[in-house]
Amino acid sequence: MKLLENLVGKVKPHFEEGGKLENYYYGFEALETFLFVPAQTSQGTHIKDGIDLKRTMFTVVVAMIPALLFGIWNVGQQHFVAMGELTALSEGFMDKFMYGSLKVLPIVITAYGVGLGIEFVFAIIRKHPVNEGFLVSGMLIPLIMPPTIPLWMVAVATAFAVIIGKEAFGGTGMNILNVALMARVFVFFAHPTYMSGDLVWVAGDASLFVDGFSGATPLGVAYLGGAEALANVSIFNYDLTNLIMGTIPGSIGETSVIAVGIGAVILLVTGIASWRIMASVVVGTLVAGTVFDLAGISYFQGVPAYTHLVMGSMLFATVFMATDPVTAAQTGTGKIIYGFLIGIFGMIIRALNPAYPEGWMLAILLMNVFAPTIDHYVVQSNIKRRISRAL
Amino acid sequence: MVRTIVIKLSRGFDIRLLGSPEQGLLEAKNSRLFALKPTDVVGIGPIPKLHKAIGDRVLAGEPLFFDKGSPRIQFGSPVSGEVVEIRRGPKRAITEVVIAVDAEVAFHQFEKLDVASCSREQAVDLMLNSGAWTLLKQRPFNTLADPEATPRDIFVSCFDTAPLAPDHNMLIKGKESAFQKGLSVLNKLTSGGVHLGVGPESADVFTKADGVNVTSFSGPHPAGNVGVQIHHLAPINKGDVVWTLKPQDVAIIGKLFSDGVFDAERTVAVTGDKTKKTGYVKTRIGASVEPMLADNLKHDHVRCISGNALSGTQIEKDGFLGLYDDQITVLEEGDKPEFLGWLIPSYKRPSLSRTFPSFLRPNKEYHVNTNNHGEERAYVMSQQYEKVLPMDLHPQYLIKSILYGDFEQMEGLGIYEVVEEDLALCEFVCTSKQPVQQILRAGLDLVRLEG
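Chains as they are written, first to last, in the numbering used here: chain A, 501 to 891; chain B, 31 to 481.
Since the hints were derived computationally from the structure, they do not count as laboratory data. Fair warning: there could be bad hints in the mix.
[To be verified] To list a few chain B residues with every Cβ distance to chain A over 10 Å, as calculated: (1) 35; (2) 59; (3) 89; (4) 101; (5) 134; (6) 230; (7) 246; (8) 249; (9) 309; (10) 416; (11) 427; (12) 434.
[As the list claims (entries may be wrong)] Coverage of chain A stretches by chain B, computed from C-beta distances (three or more under 8 Å per stretch; other residues unrestricted): (13) 535-542; (14) 667-675; (15) 766-777; (16) 807-821.
Positions of the beta carbon are idealized from the N, C-alpha and C atoms, including for glycine.
When you get a sec, could you build the whole thing from the sequences and use the hints?
Printed below as a string of structure tokens:
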């Protein structure tokens with residue numbers, strides 16, 4: 501430790517004012533403060549809580565690790581099922597994990613590399629410290645991409661999300677829209693063939709897949725044929741157990757209710773994510789799902805409302821996207837309204853939309869835009885209360 | 031008065047630290063030097079007009095200086111002795127007027143006033159001339175009380191929930207009758223009521239006080255802050271003026287009326303885990319802390335604070351007790367880098383965040399140092415402040431409205447109801463390490479001077 505401290509101390513003068521590399525100070529500073537919490541002492545209050553943004557963001561990354569690990573394995577699992585080999589869950593764990601790693605890790609590395617690269621460049625040009633926000637976005641982006649996504653597209657989408665979605669507004673804390681969702685929405689609208697249809701959710705050469713394999717996700721199946729179709733899929737088994745375990749095709753990190761659930765528990769126990777938002781999204785989804793089902797207007801014929809919680813990206817979006825503290829509503833009441841409306845709009849787009857069955861990213865982005873308005877009215881009510889008290 | 035109301039506050043956070051004051055008096059030599067610090071007072075000019083020059087003799091209660099903006103308010107000397115030094119800061123601002131104390135404190139004799147029969151003007155004049163007036167603080171803004179104003183109410187918090195806070199039952203010991211007398215003086219000053227906020231363990235001198243409204247508060251810090259208590263009893267609206275003071279200062283006012291002397295005696299708690307021995311010291315306002323800390327520090331690399339660890343003022347090891355402070359805190363200076371400290375803290379520290387396993391042991395007492403534990407960032411987290419502020423108020427929005435300088439928004443969001451100490455916990459818990467108290471003071475000054 502002392503050795504490292506001395507080394508950092510030795511290099512530091514080059515980056516400080518007057519040094520050869522002073523222009524790169526904030527790049528150096530980011531690495532230095534990552535290694536060492538600075539010696540800076542507290543000036544207002546004489547003591548400070550141990551929590552900082554690095555620890556906060558790192559906690560979210562830890563919460564995503566179960567989804568990442570499961571996703572890696574599941575990419576392999578789905579591939580082997582499609583090939584008709586090692587189809588049982590217990591078979592070929594290492595083969596599946598290795599295959600998945602080869603598909604997923606390059607995406608993760610690309611997202612982090614491009615995103616952090618842009619962050620450092622902006623920090624150096626704008627002369628401000630590198631913000632930790634991208635630690636989370638860089639992990640979120642791979643988890644919401646299909647396993648077949650080309651790496652160049654990950655790079656372009658990440659660059660778009662970081663530059664247009666965040667840095668254009670001033671960096672972490674200033675952005676209006678969720679950065680990771682910006683990346684997904686970019687791919688979704690710019691290159692829809694890579695992001696929708698039946699063939700993108702399972703990695704591998706589709707011409708080698710076994711006969712009768714369609715690759716359709718449970719969500720896609722249920723959207724087209726309702727509960728009946730869901731029960732009669734060939735090759736895959738889309739019963740509730742598998743939906744919860746997540747051994748189904750889909751985006752890399754979103755399939756497993758259990759893995760995402762572990763993340764949710766970590767976020768809720770540590771208090772990093774808002775339980776108000778998570779709970780109200782679930783309630784909103786169930787309410788809308790039930791109403792649409794009873795009214796008979798849903799594309800999901802006969803699919804019970806709770807099944808919507810375990811299909812598609814609903815749960816992942818609820819746990820990791822809707823709770824993004826920067827783009828969500830910031831007041832207690834606001835968070836409940838915000839979450840509830842995400843549930844409602846998500847279900848409207850999912851169940852009533854004739855074009856495509858997944859709505860969470862659009863619902864969350866829509867509510868990101870409205871979150872400040874919701875907060876405005878909550879804050880105004882506080883102001884009005886104060887004024888009326890004075891009269 | 032019959033006490034029926036109990037206000038339970040659930041939001042807040044008790045920062046449990048090692049080094050809370052032990053009951054009983056600490057053995058310490060008497061302070062040889064005392065100082066009055068204009069910098070302790072909000073809203074007065076940097077260079078007050080001095081009555082005394084270096085070498086002049088002064089009696090306790092005799093005026094030392096006054097602010098040119100409010101010439102009626104005299105700052106009385108807390109002790110008798112010789113003015114030995116006038117210390118100045120940047121731009122020649124006077125920071126400390128230092129007095130070498132006599133072996134035996136001699137008092138300037140004021141007329142004794144019968145509280146029941148004297149007029150309000152007489153009472154005000156006596157307090158203005160003796161220096162006792164400077165103990166009254168006015169809200170909004172936490173400035174000196176305005177002698178021309180009549181406060182809507184006067185509030186006294188009789189317990190302290192801040193980290194390592196002294197026990198007010200201990201501080202008031204021996205001053206019970208003076209305290210009661212002081213309360214009757216306060217009743218004379220206000221058109222409304224005098225309100226005492228008492229805690230679950232407050233002594234009879236507080237809970238059974240005569241002629242005042244007593245309300246019991248329970249809950250974690252900041253339940254003991256007078257600002258929080260005002261919010262729940264009778265919140266400050268635009269245009270309202272209320273005064274606040276501390277129990278020991280009520281006793282000083284009481285003694286002024288009964289004996290005609292400004293006896294600035296103050297019991298002070300010496301706290302913090304870097305002192306060898308904690309406890310209480312009987313001294314006077316402005317005492318040099320040197321004798322209390324000499325031979326009492328575990329090592330030299332410490333920060334001395336007049337006041338508590340959240341909203342106190344940093345002083346030198348031979349610095350002086352602040353005008354309003356009844357606590358000295360000594361903490362380790364945290365100016366060392368910490369390897370991966372954000373991930374694996376090198377020692378256990380108090381935190382509201384449950385990312386630290388310490389939340390499983392809520393009653394454990396911690397060692398702390400003054401490290402910032404991270405760097406300043408833009409706001410990312412929300413609703414952290416609300417968790418530690420038991421008020422119907424949106425603190426983060428208030429702070430933001432100050433940052434973008436919107437007067438109407440500041441007023442609407444309740445800037446009149448808070449001063450720095452009320453939002454100190456918000457600053458403590460802030461993930462983004464924003465200087466909340468400093469921002470709030472800038473906002474308060476803006477509204478006070480231009481609003």
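These are the hints, each one checked on the structure:
1. The Cβ of residue 35 of chain B sits about 19 Å from the closest Cβ of chain A, beyond the 10 Å cut-off, so the non-interface label holds.
2. Against the 10 Å criterion, residue 59 of chain B stays outside the reach of chain A, whose nearest CB is about 26 Å from its own CB.
3. Chain A leaves residue 89 of chain B outside its interface by the beta-carbon criterion, the shortest separation being 36 Å against a cut-off of 10 Å.
4. For residue 101 of chain B, the shortest C-beta to C-beta distance to chain A comes to about 32 Å, beyond the 10 Å cut-off, and the non-interface label holds.
5. Every CB of chain A is more than 10 Å from the CB of residue 134 of chain B (nearest about 36 Å), matching its label as outside the interface.
6. No beta-carbon of chain A comes within 10 Å of the beta-carbon of residue 230 of chain B; the shortest separation is about 25 Å.
7. The claim that residue 246 of chain B lies off the interface holds: its Cβ sits roughly 23 Å from the closest Cβ of chain A, which is beyond the 10 Å cut-off.
8. Non-interface status of residue 249 of chain B relative to chain A is upheld: no Cβ of that chain comes within 10 Å, the nearest being about 19 Å off.
9. Residue placement check: residue 309 of chain B keeps its beta carbon more than 10 Å from all beta carbons of chain A (closest about 21 Å).
10. At roughly 7 Å from the closest C-beta of chain A, the C-beta of residue 416 of chain B falls inside 10 Å, breaking its exclusion from the interface.
11. Interface exclusion of residue 427 of chain B from chain A breaks down, the closest Cβ pair being 5 Å apart, not more than 10 Å.
12. Against the 10 Å criterion, residue 434 of chain B stays outside the reach of chain A, whose nearest CB is about 13 Å from its own CB.
13. With 8 residues having a Cβ less than 8 Å from any Cβ of chain B, the region 535-542 of chain A passes the three-residue criterion, so the hint holds.
14. Evaluation of the coverage hint for the region 667-675 of chain A: fulfilled, as 5 residues show C-beta separations to chain B shorter than 8 Å, against a requirement of three.
15. Chain B is given as covering the region 766-777 of chain A, and this holds because 5 residues of the stretch bring a CB closer than 8 Å to a CB of that chain, at least three being needed.
16. Counting residues of the region 807-821 of chain A whose C-beta sits closer than 8 Å to any C-beta of chain B gives 0, which falls short of three, so the coverage hint is violated.
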